[in-house]
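There are 2 protein chains.
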Amino acid sequence: MTYCVAIKVDDGLVFASDTRTSAGVDDVRTYNKLHIFETTGERVFAIQSAGNLATTQSVINQIKRDMADPMAPVNLNNVRHMYDAAEYVGNLSVRAQQDSAALGQLRNSTVDYRTTLILGGQILGEEPALYLIYPEGNCIAASQDMPYLQVGESKYGKPILDRIIRSYISLADAARCALVSLDSTMKSNLTVGPPLDLAIILKDGLRVEHKQRLDLDTPYYASLKKAWGEQLERIFREALPKFEWENLGASRQNQNQQLF
Amino acid sequence: MTYCVAIKVDDGLVFASDTRTSAGVDDVRTYNKLHIFETTGERVFAIQSAGNLATTQSVINQIKRDMADPMAPVNLNNVRHMYDAAEYVGNLSVRAQQDSAALGQLRNSTVDYRTTLILGGQILGEEPALYLIYPEGNCIAASQDMPYLQVGESKYGKPILDRIIRSYISLADAARCALVSLDSTMKSNLTVGPPLDLAIILKDGLRVEHKQRLDLDTPYYASLKKAWGEQLERIFREALPKFEWENLGASRQNQNQQLF
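Order-wise, the sequence lines are chains A and B.
Note that my numbering has the first sequence beginning at 1, numbered continuously upward.
Note that my numbering has the second sequence beginning at 1, numbered continuously upward.
Check the hints yourself; a few may be wrong.
Coverage of chain B stretches by chain A, computed from C-beta distances (three or more under 8 Å per stretch; other residues unrestricted) [unchecked claim]:
(1) 54–60
(2) 150–159
(3) 165–175
(4) 212–224
Source of the hints: derived by calculation from the structure; they are not laboratory data.
Quick reminder that beta carbons are idealized off the backbone N, C-alpha and C, glycines included.
Bound conformation, chain A alone (with noise of 0.2 Å):
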């Protein structure tokens, strides 16, 4: 499985994604799930991808082949909008699933060929966006609402997101909470595993401000988790509020005290 996560905050967008990448406990390795497509001033993508790795890889390539094209019709270079973008990512998964699907009916495979993607970016003259691309190749967007989108393993890291997310905070704490989302989930989830790749669009920059590769070990990867931690605990033992039969259990034990 895979976890990633996408965020849509009023000053640009956050990227989260874990490199786990498993066919099964005894196959795990460290994939790239997270791909960075600019030409700085003009226009950015990133793309996140949970599903079949051969499949996300098709349309990777296929968008490197295709940006590399002068003569391609459609591009992430020459499309007008973000959602011609999404759609055109869309109709490359649908593509490469159904080259995967017709060679594997050769062999009676039963292997599952779909893959979820992410596309997020900006075209310059446009508001940035965020796409949930499906299997099916269609897609919804973020909005205010619902400012963050996620693929894979995604429960596990969901709470945390629905009570911190919000559209006006700063593309610093998104971050922050994408990293603890993913931490969550890798905390909960064998099949979710470090390093984690983060990437940070600003509003109208037009190119990944920041792109980091954090580790169990990376520092600031390291006092985030030891932060997070610890602060969780202390809210327990010392910021909620007492059950009525805590006060009453503790007076008991004073009575009790004065008696014996």
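Following the hints, position chain B against chain A.
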């Protein structure tokens, strides 16, 4: 769906369940999923359930019938060990599923009759124990290494349990963590809903010490939700390490302020 969690700490047992039962999104009801059987001073059991409601109710009713029958070869009043109780309940569950399946076959029904149960409690002279009873009737126990068990929609609420629950924490902290785990799940998944049922069994108390139904407007639950949300926001605002580029950004901004 459903979400129930049970926790075994050194001081006793905590059980928390939601009450939402749905047969489709247009057929949502409230059902108790936390059942108590106690003979104060001798033995106490709590049972939680996720899965087919008819199967669960059949199991609970058979438990009651057996307890009322002085000739019953096995019932919760005469089992000698907690493990025997888990085996007995597992057997009832398999029988209930088989009975329903046999009836359903007459109509070519494809309904899923399975139920997964948690059984916890204590019998005088034994340690408290907690078992997860699979639909197949077999079971696994909670342990010091794995002090909690979940049934139903378990992924959303797992990270906070993994971070906080240890055998040595207090019953009250375990209960707060169970409620937060349920609250997170309810925020992220509509099939898990209030009110919540909470029961606490003190080690060697041999009865349910505290049992409470908490709705969204129950003062304790409302204040817990509020405190938890505020504290999480506070962590993000104040207590997590800054990215290197945040400081850079700040100093660049300061520079700009000096320049212009």
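So, going through the hints one by one against the coordinates:
no. : hint    : result
1   : 54–60   : violated (count 0)
2   : 150–159 : holds (count 5)
3   : 165–175 : holds (count 4)
4   : 212–224 : holds (count 3)
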